[in-house]
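Protein sequence lines correspond, in order, to chains A and B.
Residue numbering for the first sequence follows our numbering, starting at 1 and increasing by one per position.
Residue numbering for the second sequence follows our numbering, starting at 1 and increasing by one per position.
Keep in mind the hints are simulated off the structure, nothing from the lab.
Even for Gly, the Cβ is constructed at its ideal location relative to N, Cα and C.
Some hints here could point you the wrong way.
Label pairs and their in silico Cβ distance ranges [to be verified]: (1) Phe151(A) / Asn170(B): 17 to 27 Å; (2) Asn245(B) / Leu232(A): 36 to 46 Å; (3) Gln236(A) / Glu213(B): 47 to 57 Å; (4) Phe162(B) / Asp74(A): 26 to 36 Å; (5) Ser56(B) / Glu210(A): 23 to 33 Å; (6) Cys215(B) / Asp237(A): 31 to 41 Å; (7) Asn218(A) / Asn100(B): 17 to 27 Å; (8) Pro34(A) / Asn100(B): 32 to 42 Å; (9) Lys20(B) / Asp156(A): 48 to 58 Å; (10) Asn267(B) / Asp156(A): 24 to 34 Å; (11) Ser234(B) / Asn218(A): 33 to 43 Å; (12) Pro264(A) / Asn267(B): 20 to 30 Å.
Simulated crosslink set (EDC-like; lysine to aspartate or glutamate; CA at most 16 Å straight-line) [to be verified]: (13) Lys104(B) / Asp80(B); (14) Lys173(B) / Asp270(A); (15) Lys166(B) / Asp270(A); (16) Lys45(A) / Glu165(A); (17) Lys221(B) / Asp74(A); (18) Lys69(A) / Glu213(B); (19) Lys206(B) / Asp74(A); (20) Lys104(A) / Glu83(A); (21) Lys106(B) / Asp156(B); (22) Lys101(A) / Glu209(B); (23) Lys206(A) / Glu210(B); (24) Lys173(A) / Glu48(B); (25) Lys101(B) / Glu178(A); (26) Lys169(A) / Asp270(B); (27) Lys169(B) / Asp270(A); (28) Lys101(A) / Glu210(B); (29) Lys221(A) / Asp74(B); (30) Lys101(B) / Glu213(A); (31) Lys188(B) / Glu210(B); (32) Lys206(A) / Asp233(A); (33) Lys101(A) / Asp212(B); (34) Lys45(A) / Glu83(A); (35) Lys101(B) / Glu210(A); (36) Lys101(B) / Glu209(A); (37) Lys69(B) / Asp216(A); (38) Lys69(A) / Asp216(B); (39) Lys195(B) / Asp270(A); (40) Lys69(B) / Glu213(A).
2 protein chains.
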Amino acid sequence: MKSTSKKTVKKNPAKKASRKPIILVTNDDGITAPGLRNLAEVMKKFAEVIVVAPDSPQSAMGHAITINKPLRLDKVNVFDGIESWQCSGTPVDCVKLAVNKILKRKPDLCVSGVNHGSNSSINVIYSGTMSAAMEGAIEGIPSIGFSLLDFSLDADFTAARFFIEKIVKNILKIGLPEYSLLNVNIPKLKLSKIKGIKICRQAHAKWKEEFDERCDPNNRKYYWLTGKFVNLDSGQDTDEWALANGYVSVVPVQFDFTAHQAIPHLNTIDWNG
Amino acid sequence: MKSTSKKTVKKNPAKKASRKPIILVTNDDGITAPGLRNLAEVMKKFAEVIVVAPDSPQSAMGHAITINKPLRLDKVNVFDGIESWQCSGTPVDCVKLAVNKILKRKPDLCVSGVNHGSNSSINVIYSGTMSAAMEGAIEGIPSIGFSLLDFSLDADFTAARFFIEKIVKNILKIGLPEYSLLNVNIPKLKLSKIKGIKICRQAHAKWKEEFDERCDPNNRKYYWLTGKFVNLDSGQDTDEWALANGYVSVVPVQFDFTAHQAIPHLNTIDWNG
């Protein structure tokens, strides 16, 4: 996409037409996850909410879609007064089905989460939560992924709910730059300890894998993927820095993956010689 | 990551030490796909080749990794004189297992493909082939994903092999800018009809989904994901333009997903007010 078009700001169509906004809510932890319930409840303050979420946990599914088997989509009654659907596919499948089979018009916002665990820095690439939000953005819907740095199913969502409300209120009013979405991570801290919201870039980090090698009863090896997160970035403008220093991190994310800065170097090669 | 560090060019360590290069070969169509065989055969001209590929087709798996079930990894004898392994996981799992459990040192190159079908423009996001190459790049390995615009298992790889050899020769010599990988797509044309190699940016495009709705014998609905590719970008510097005009497209890709250009706009909002 051209850099000029990137600067266009998408205003909220709901506001213009004075109609009640519609917000699509999804996640990757599945329809029963407390994070999803908390997100749907906060969204009800702003809009008509429709939940379309996986029927089972789909963490670390990245941008996977289901093309080799059929998808199931069933209406369920799990949230009071909120239209809800469960889908047998991935988080990205949920967004595609919602847009194409459930929603009567393009929603004003797509929110994904609240993920149980961080999606900061390189995790954005593996995350089903963020991929669902990215699919929303590809569909032209202002989209946000929310994650809380607490894996527990008993996590305290008080601070998360406070900041989610603040962020959604702003984005419904001001919109998002075209072709971008937000990756929001909330530290595991009491509300009073959080210093505020910080706009950041994705830290340069990676996972150092450590495969746990075991033997099954037939003496055949198998492996569990485990690993250690390594932050390779000392910048103070990164999401990792913000989270480590008590801020909610907000990273604008794009789905143009072109390494534009690498093009001049590649053009120095005589490829066709 | 900082923009200054992006300009550093990674020279090929194999050349410096005058040792035989090692090339890791993977794909998403699975260990038996003709595209993988063709890629491994071309790589044998340059290096010691090690193949680690999924034991079944893993198309459209994106950057999914396997965290909720164990992984199998078995040595197989499918390519003459090439060490080969099949893995029960995703393309990204294959790269992680190769780096951590199979390879004795970091390989000089990681190549993924040849994919049976295009991975141009927005397809980079859904593609298991490209995600495997991206995982290689995250591991600090110069990495390239190759795709041929022909879904057929009987596809003619003559032109693909010619251009793959040309590109790999150059990259082993010159290296790749840090934190970037290449997305190479080859048109379905005879070698004599291909005009050459073109460095491009990712076209702005999307899939217009069309779910095929059916009923099972119990009268329950199910859906098959189908869709139509829509190019929304008229630029002549895109991969879509290059492919439509008879060129091999080469797009440098990055795994910093930050929409850096959106940061100033987001900083105009009084988030903490």
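Which of the numbered hints above does this structure break? Violated hints: 1, 4, 6, 11, 13, 19, 21, 23, 24, 25 and 31; rest satisfied.
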